[in-house]
Every structure is written in C-alpha cells, then in structure tokens.
Amino acid sequence: METSMQANKEKIDVRKREVGKISSIINKLGVYVLVIALMILGTIISPKFLTASNFMNIIQAVSLLGMVAAGVSFITYSGNFVDMSIPCIMAFSGMIAVDTLRYGIVVSIVCGLLTGSAIGLINGIVVGKLKANPIIWTLSVAFVGNGFMRWFYSGKQIYPDVKGGAAADVFINLSRTDVFGRIPLIVIVMITFMVLGQFVMTKTKFGKQVKLIGSSYEVAKMTGINVNKVVCGAFILSALATSIAGIFLTSLAKTGAFYNGEGYDFNAVTAIVIGGMTLNGGRGDVVGVLGGVLVIGLLSNVMTLIGINTFSQSIVKGIIFIAVVGINARSLRKLGRDDA
Amino acid sequence: MLDRLESLEGMMHNMDKKKLLNKLDYYRIYIIFAIVFILMSLFAPNFLNVFNIVNILKGMSLNAMVAVGFTVVMICGQLDLSIGSNLTLGAMVVIALQPILGWWPSLAVAMIAGSFVGAVNGFLVAKAKIHSFIVTLGTMTIVQGLIFLLSKGSALSVNDFTLADWLEMPKFGFLPPRVIITVSIVLMFFVLIKFTKFGKGFYLVGGNKETAWLAGLNTDLYLILAFILSGLTAALGGALLAMSISSAVPTLGTSSQMVVIAAVIIGGTSMAGGTGDIFRSMIAVIMLVTLFNGLMCCGAGYEVQIFASGLVLAAVVLGESYALYQQDKVKGQRPNLMAELKKGALQ
Amino acid sequence: MFKKSLALIMMGALSISLLSGCGGGGKTAAAAPAETKETAAAPAEEAKSAGGDASDNLTKSLAVDVSTLKSSDNQPLLLATETKEIPERPEDPKALPEEDPLHWYDLEYSGWSAEKVNIPKSPADGAAGKKVTLIVHGDHPYVTAYINGAQKVADAYGMELNVMSPNFNVDVQNQLVDQAINAKPDMIIEIPTDAKVAVQQFRKINQAGIPLIGANTLPEDEGMKYVIGWAGPDDWGQMRMLAKTFAEKMNYEGGYTIAQHAPGGSPYFSRTYGIVTELKKIAPKMKLLDAQAPGFEAEKTMQLTSDWITKFGPELKGIMAADDSAQQIGINEACKNANREDIIRIAAGNSKVGMDSVKAGTVTAITYQSAEADGAVVTKMAADWFNGVEVEPVRYLPKHIITKDDVDQYNNPPQW
Chain A
1 METSMQANKE
11 KIDVRKREVG
21 KISSIINKLG
31 VYVLVIALMI
41 LGTIISPKFL
51 TASNFMNIIQ
61 AVSLLGMVAA
71 GVSFITYSGN
81 FVDMSIPCIM
91 AFSGMIAVDT
101 LRYGIVVSIV
111 CGLLTGSAIG
121 LINGIVVGKL
131 KANPIIWTLS
141 VAFVGNGFMR
151 WFYSGKQIYP
161 DVKGGAAADV
171 FINLSRTDVF
181 GRIPLIVIVM
191 ITFMVLGQFV
201 MTKTKFGKQV
211 KLIGSSYEVA
221 KMTGINVNKV
231 VCGAFILSAL
241 ATSIAGIFLT
251 SLAKTGAFYN
261 GEGYDFNAVT
271 AIVIGGMTLN
281 GGRGDVVGVL
291 GGVLVIGLLS
301 NVMTLIGINT
311 FSQSIVKGII
321 FIAVVGINAR
331 SLRKLGRDDA
Chain B
1001 MLDRLESLEG
1011 MMHNMDKKKL
1021 LNKLDYYRIY
1031 IIFAIVFILM
1041 SLFAPNFLNV
1051 FNIVNILKGM
1061 SLNAMVAVGF
1071 TVVMICGQLD
1081 LSIGSNLTLG
1091 AMVVIALQPI
1101 LGWWPSLAVA
1111 MIAGSFVGAV
1121 NGFLVAKAKI
1131 HSFIVTLGTM
1141 TIVQGLIFLL
1151 SKGSALSVND
1161 FTLADWLEMP
1171 KFGFLPPRVI
1181 ITVSIVLMFF
1191 VLIKFTKFGK
1201 GFYLVGGNKE
1211 TAWLAGLNTD
1221 LYLILAFILS
1231 GLTAALGGAL
1241 LAMSISSAVP
1251 TLGTSSQMVV
1261 IAAVIIGGTS
1271 MAGGTGDIFR
1281 SMIAVIMLVT
1291 LFNGLMCCGA
1301 GYEVQIFASG
1311 LVLAAVVLGE
1321 SYALYQQDKV
1331 KGQRPNLMAE
1341 LKKGALQ
Chain C
2001 MFKKSLALIM
2011 MGALSISLLS
2021 GCGGGGKTAA
2031 AAPAETKETA
2041 AAPAEEAKSA
2051 GGDASDNLTK
2061 SLAVDVSTLK
2071 SSDNQPLLLA
2081 TETKEIPERP
2091 EDPKALPEED
2101 PLHWYDLEYS
2111 GWSAEKVNIP
2121 KSPADGAAGK
2131 KVTLIVHGDH
2141 PYVTAYINGA
2151 QKVADAYGME
2161 LNVMSPNFNV
2171 DVQNQLVDQA
2181 INAKPDMIIE
2191 IPTDAKVAVQ
2201 QFRKINQAGI
2211 PLIGANTLPE
2221 DEGMKYVIGW
2231 AGPDDWGQMR
2241 MLAKTFAEKM
2251 NYEGGYTIAQ
2261 HAPGGSPYFS
2271 RTYGIVTELK
2281 KIAPKMKLLD
2291 AQAPGFEAEK
2301 TMQLTSDWIT
2311 KFGPELKGIM
2321 AADDSAQQIG
2331 INEACKNANR
2341 EDIIRIAAGN
2351 SKVGMDSVKA
2361 GTVTAITYQS
2371 AEADGAVVTK
2381 MAADWFNGVE
2391 VEPVRYLPKH
2401 IITKDDVDQY
2411 NNPPQW
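Protein chains in written order, with my numbering: chain A, 1 to 340; chain B, 1001 to 1347; chain C, 2001 to 2416.
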C-alpha cells in the first residue's frame, strides 16, 4: 500500500493541486465521509439517533452481512468479483449444522463449517486452477447446490429443537448471547472478523500475495506466487466466514431452510464496493469494507427514522451506491490510478 | 532426444485435435441441444408432439428476446444485471398505459423506457467509467424500487384479450405470432451484429478496446448502444409477455435474470468479451426450456430442473476453462519449429 | 499443506454426508409405516382396480370416507368449510380511501357472483382413477405441506396427482399451464402466482375444455368465470379476526406498525389492509404508525423493528407481522434487545416457529391456516365434482386464531 502510494506521488504533482487534494482526501477517508455525513443527518433528524442502544441496533442488524463481507472481500481483493454461491453456502451450512445437531454442538458447527469450506474449496479449485469466470462458475454452483438442498430435504425446513435435543438450546442461543454486559456475540464475532481480515490482508504474506494477484495476475504468476493456491485460499476463507454467518443466521431464524441467506450475495458486494474496493481487485482494505457495511446499516436506520417507505429506500440505496462508486472511481482516476 | 521429439509429434497431433476441439466448442450448443432433445423425445411422455414443441417455443420467447441485448453487452465485455428489472418495467408500462394510449403506443413507450434505462447504464459505464457490474446492480435496485413505488406493489391487468389471443393462437401452420415476432427480431439482430460492418464493431470493442479505438471506432458510443439495445430488448420481451397474458406483476423478471445469464454463457458467449453470437444464445435458451419442459413431462420437480440446468452450466464452464487451461500450458511453445527440426534430425 | 487441507475437507464432507445421510434414512424409514397406515384407511386400491364399470366406480368413490383423515398436526384434515357474507359492490371501489374496507372489494369478495362460462359438465362417474394436475405457485415449506394434504385426499379417492411448480415465476407458470393442457388430464387445479395473471391462464385452460379448480390464491372476479370452483383460505377474513384479537389486547388504543408481506401477490394487500381497515372500524383510536416490507428476513426485520422502537418510542404499542417465522423472530429479538417486551405482537400463519413463540408468550396470537387442509379441501372439491356432487363456487377454510390457550392442540407436531 505505502509503496504504491509513493510510486504515484510524481503523477499527483503534475496534476492540478486542488483537485489532487480533494481527491486524495476522498481517497484516504473513503467511505467514512459518508458514514460521518449519515451520522450528522441522523442526529439532526432524531434526538434518539445518538444513543448507545440505537448504535448497537444498527451494528447488530448488519453484523451477519459484515461477517460475509469480511470474508468475501478477499475474493474481490483477488480480482475475482464475488461469490454468487453465498446464499447457497449460508443455507447449506446452516441446514447441515441443524441436521447434525444430535451429535452435539461442536460436531454440528464443525460439520456446518466443513460443508461451507467444501463448497469454497470446489469454487477455489475451479476458479484458481482452471481460471473459470468466478461469477458464472459460482452461479452454477448456486444452481446445483440449491437444487440439491431442496431435493435432499424434500422442500422442507428443519428445526434445531426438533433435530437435536440438548444441543438445540445452545445452538439457538448462539445468536442470542450477550457478552461483556450488553454486547451481542454476533457483533463481537463480526468485529473480530474485520480485525482479523484487516490483519491478514495487510500484514501477512498471504494478503500481499492476494493483492498482487488482484492487481496483476500475470505479474503475480511470473513472480513465482502459486496463484492457484492463493486464489483457492481466498475462496476457502470467504466460504468459511460465510458459513459462520450462515450458522448464525440459522440460529437466529431457529430454522434451517433452503431460502436462508437469499440476497446476501448482492448485499455483500454492495458493502464491499461502497467500502472502496474495486471489482478489478487489489485495491481497498477491510476497514473500508467495515465502513461500507456501516453505511448500509446507517442508511436503513436514517431512512426509517425519516419515514421513507421500503420502495423509495431501495431507490435511494441504488442511487447512493452508484454515486459513491462513481466518485471513488473518479478520485482514483484524478490521482492517476485509473485501472478501469 | 528422439523420445522428446516423438512426444512433440504427439503434441502436433494435439494441435489438430485442438482445432477440432475449437470447432466442437463453436458448435457445442447445437450438440447439447440435440442431446437434450433426443433424450427427452425418447424418455419423456407427452414431449414429442407439435403442441408441446410450440409450448417450448412460446416458453423461450421471453428469455430469447432478453438474451439478444444481453449477448451484445457480453460481446462488449460488460455485464447487465438490470435486465430483470427492465423486462418488468416494459411489462408494467405496457399494461399500465394500454387503457390510455392503446396497445401499440404503449408498447412504444415501454421500449423507450427500457432504452432510457439502458442509456443511463451505458452512459455511466462508458463515460463515468464505473464497472458495469456495479452500475447495473444499482439500476436494478432503482428500477425495481420505482416499479414497486408506482404500482404500489400491485399487479396490473387489462380485460381485453383480443391481442393476447392473437399473439398466442397458432397462425401460420402452427406457430403463434409471439414466437414469430421473437424469432424474427432475434434473427434481425443476429445478422446486424454478426455480418454488418457496424455490428462487427461490437466484437472489436469487446475483444480489444484500445485497438478498436485506434481503428477509429467510437468505443464509448458502441458501449452505450450495447446497453441501450439490452434495455430495449429486455423491455420488449417483457412487454410481449405482458401483452400475451394481458397482465403484469411487479416481480415478473426477478428470476429471468440468472437464467438468461446462464443461457448466454452456455451459448458460447464469453464473459471476457469479443466472442459469441445472438443465434446461439437463442438456441441455448431453447435448450434450457426444453430441459425444463422435458423434466417436467417426466414428473420431476423444480429442484431437479435447477439442479440439471446448473449441471449443464457447470459442465460448459468447466469444459471451456479446461480447454483454456490446456491452451495455456502449450503457450509459447513452437511445435512447427520442433517438427522441422525433427525432420532434419531424421535425415 | 495444501493437499493435506484438501484431503481433510474432503474427508469432512464425506463424513457429514454420512452423518446426515443416516439421519435422513432413519427419517424416511420411520415415516413410511405411518403413511401406509393413513392410506390404508381408504379403499384406494380397490377403487382403482374396479375402474372398468362406471356406475360401480361411482358407488365406490362415493363410499370413500375422508373425514377420518388427519393432517400431520393431528387435526382433522377436512374441516367444515365456511361461507362469507358478501356486501354490495360499490360503484368504483378504487375511488374510496384505502382505509375503507370496500376499497379492496374486488380483492376480497371475488368469486361468488361471477357468471360461469363454458364450464364442462361433471362426468359423474366417480373420482377413482382420475388424473389431476396440480400447478402450484412455487416452492415453499407451506406448499410442501399443501401438496402432502392434497396427496392424502387423492390417495383416499384413488386419484392420480401430478404436481408442477414454477417457483413463483409467471413466465414459467404460463409454460406449465400450456404443458398441463397438452398432457390432457381429467382436471387441472391451479394456485395462480397472482390474482390478475390468473385470468388469462384460467381462460386458456377453460378454452381447452379441461375442468379447472382455482386454489389458495383468490383470482380476480374475471378469472372466476372459468373455474368450477375455488377453495382456499379466507385471508381477508382471517386478518379481520386477527385484528379483533389485536384490538382487544391493545385495549382499543395506541399506535401500531405492520411488517408487510413481500410485494407481488395478494397477501401483500390482505395482510396489510385487512388489518388496517378492520382496526379503523372497530378501534378508531388505534393509529397506524408505519408499514414496511422488509422481506422474510429475520435480520432485516430486526433492524426495522429497532428503528421503529427508536423512532416512535413509547407511542409504539403493537406490531403486526405478515409472517410468523423469520419476520416474527426479528421482531421478537428487537423487542427483547430494547427491553420492550410490553409490545403486543401478532402474526399471520402457523409455522412451528410462530407457535413456539405463542407458547413462550412473546407473540399474542397467530392465525390457524392449515396448509394440509388447504391442499385437502381443494382436492376434495375435485373429487366431489367427479362424483357428481354439487360444488359451491367458493369453499373457504375455517378460520381460527391460535392463542396461548389452545396452541398445544395445534403444535403436536406442527405441519411445517
């Protein structure tokens, strides 16, 4: 990150200084400009906005999305766009976890995670080694997985308290536990994922390799990075985070069903991209993704407080989404880092 | 040494095989379609009769039309996720305006509405240089929100079935006009894109944007046109469906989107741009409908159908990327030179 | 390292399939004898084998007793169906305000007055051996239970039931309608994806001369012309009953919000305006604060409810949900987190999750809409028609509100 910025310094100098300044501010603060703006707006609108409980609500509501986004950001970072099989992984790992609950909570969670990572592994091998288009491949996995789930459970949903006796309470309470007083476990897990993700992405060898692959696949290959393994690793990491979110979702809904997790694929990519990652890969970081997730939560909160209905909310969200990415792309271009 | 050369000769042989494979790759959708069709004819009850074949053709009408514009966008190396919302828009507009304007003017308005969304997409992609995945994901949400907002979530209908009956009833022999209209529009755009100088520009833009620009093509204009076409055909497809059932629901296109993407890929259009054609996309749509229809004739549920179409898609993607993988392996090697060397060595 | 982890994950996946596979096997093995017991209650096989003689077939079919059948929640499968009082249709319902129940006249009271067109005559030769195609609207656990119920009655009468599902896609359902016509069954039963789209689909089937019964989702009046009859839940009536319970518990005053059904179908309207119009009438002091459609997602509904609690504060006294599973769970969690367990909560539907909440006291009341009975009543209607029995144009499922007092009766075990 540092080195690339220094490398670009010369380019900034030849451009108009003011434009460069504004752009670089936008570029540095990124999505947090929007987060602050929304917070100011919220404070003006409602006196109840600026309370601890309201913030906890916002964060809790987006924490599952945050877990998914933290994982999937590695796929985006490696230049592989997004994993369309996210809903499938979430539903499948949740259902398997419920189904194996009778062997105890540990077995159940491990099985759920293994299921998710198995799908991630398949995706990783095909996308990493054979270089299949990630969107299309994961789409076909989603089709196959979804069909399989419906067939395997013959269109029914399964319940933890029916399937698994004593472990059921533990399972259901997974997403209902508060730690350190009033902070829900899912928020802690989400924050942990974000911190871990940021660490892995910026400080470890693996993260740097992912960045190089995302920035330039050919260069990464020539440098001697085992591209297959790294991309595969990104997919497994993402699937792991996704299946943890899936298990939490299943625990929250008290139901394992094939339709759990619908919409998380596009929501995750929305959060990631608002957070400053580009779909071409190699740009942005997990802190930005956290900002993107927060924006989604704040936006819903503020709009409901104003009293905007669901349909208009989706219009506003769409416009903000395009605008944010547009401004981001523009500022990148102004800084001479256009890679579109 | 000789061993190595012999293995190289084997590779030469492989090169011929590769050419064959390329050919096979080009015609693969016809082969898949033939296999599916023959299998279903043999095993599915009530499958092989004129009425059912017409059903299949009617069933493909919507998605084949939507696939026209989508294929062109893909040829340009872009993606359009807003086709689902766009086709709903076309359907809703045509039904909402029919009582005021009558069928044909409202159809025109629907097509204009679709083209407008497409133009916005194209402008944002070409001029603002935002990734098409993001732009169209955004417009997808916006257009869907607008549809819900304006219709208040309600379906629309017209209690006049004369046009619907005309579109659905077999006219010339056994084909209903809806199918004839769809196929002729598909063929028209197929010829336009594949065989005219103007149309070939799309391939050039998708294949290599720089070269296209250097060759004097207005690449931005081509991109915008591709998105306009995508919006137009999506809205037209939706409108035709709405006209043939005299009603429209605000969630009409939600599931079409993924099916069309799958079909276009199976039809041989590459996500990277520069290849593919509209006719093969249509055959792929027909293949998927045949698969659904045949499995339904066998009494299989929806789960089997998505499972099967997922498998077909997966097989195609796997096959394609495996071929590329093999190609990658021999990249940079020069078998011709080695063959000459070998000849020399033997003399 | 890489290969090791690969092997590990593969092994894990294998062992999982083994574990859950065992469970699945046990499940079906346990379920099989129960099913045979149920079908044994009816002389299905006998009726089928005696299909040769028409009058014989009829007497056999008429002799079938389905009243002993039970749904999987141990309730009688076929309950006495209800009728409904139909008010005068206003000149232009859409001109009335949305809070007026008559604004929704065409959605609520469809079907009774429609003039029938080109309805085939009943063959009156018995239901046994008849082929019936059931086109549902999509895959959902409710629909799975629905099909089970329909299958039980079909088995009892010895009818052959063929199910088609378009997964909530109008375009695909159109294809299925054509395909069903092509297969020329003795009858088609269709759950339309939408009340308005139903018209042309029903018309097509009617013109093909195939007897048709509408199910579950009430079509527009225009579509009712083409069906022998329609059977399903009275969603509007249920919502009015639910609204009465809601008003009682709220002491006929205070603000409330509604988490709506997903748009694009009739429940979106019935489960919003059924409540709104009824409360306007019986409890004018109750005030609708907001109504939004968060989809059937626990997480999103949780956020929405938290936002409501923040925005309206103590003004918010009650919440109605269009779905008693995922949506209701989101609402419950939000209330718990905000320490607002005092909020009165009601919901539509009777899933297991909803009934558990009623039992736990977090939800005050839910509707009893038996999915299996829904499927059964429509199949029974088909059988009646084949048997030459008079069929009324509309058969409503009985309405009932489940509260803490009688939840145990319906929760042993739940249908879905």
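Read the hints as simulated data drawn from the structure, not as lab findings.
Some hints here could point you the wrong way.
Derived pair list, reagent style BS3-like, types lysine-lysine, alpha-carbon separation capped at 27 Å [unchecked claim]:
| hint | chain 1 | residue 1 | chain 2 | residue 2 |
| --- | --- | --- | --- | --- |
| 1 | C | Lys2244 | C | Lys2131 |
| 2 | A | Lys208 | A | Lys131 |
| 3 | B | Lys1171 | B | Lys1023 |
| 4 | B | Lys1171 | C | Lys2244 |
| 5 | A | Lys131 | B | Lys1171 |
| 6 | A | Lys229 | B | Lys1329 |
| 7 | A | Lys129 | B | Lys1019 |
Hints and how they fare:
Distance hint between Lys2244/C and Lys2131/C is unfulfilled; the C-alpha atoms sit about 42 Å from each other, more than 27 Å. Using a Cα cut-off of 27 Å, the hinted pair Lys208/A and Lys131/A holds, with the two alpha carbons roughly 20 Å apart. For the hint linking Lys1171/B to Lys1023/B, the alpha-carbon distance of about 37 Å lies beyond 27 Å, and the restraint is violated. For the hint linking Lys1171/B to Lys2244/C, the alpha-carbon distance of about 55 Å lies beyond 27 Å, and the restraint is violated.
For a cut-off of 27 Å, the pair hint linking Lys131/A to Lys1171/B is broken: about 48 Å separates their Cα positions. A C-alpha spacing of about 18 Å is found between Lys229/A and Lys1329/B, which places the hinted pair at or below 27 Å, so the restraint holds. With a CA separation close to 23 Å, the supplied pair Lys129/A and Lys1019/B stays within the 27 Å bound.
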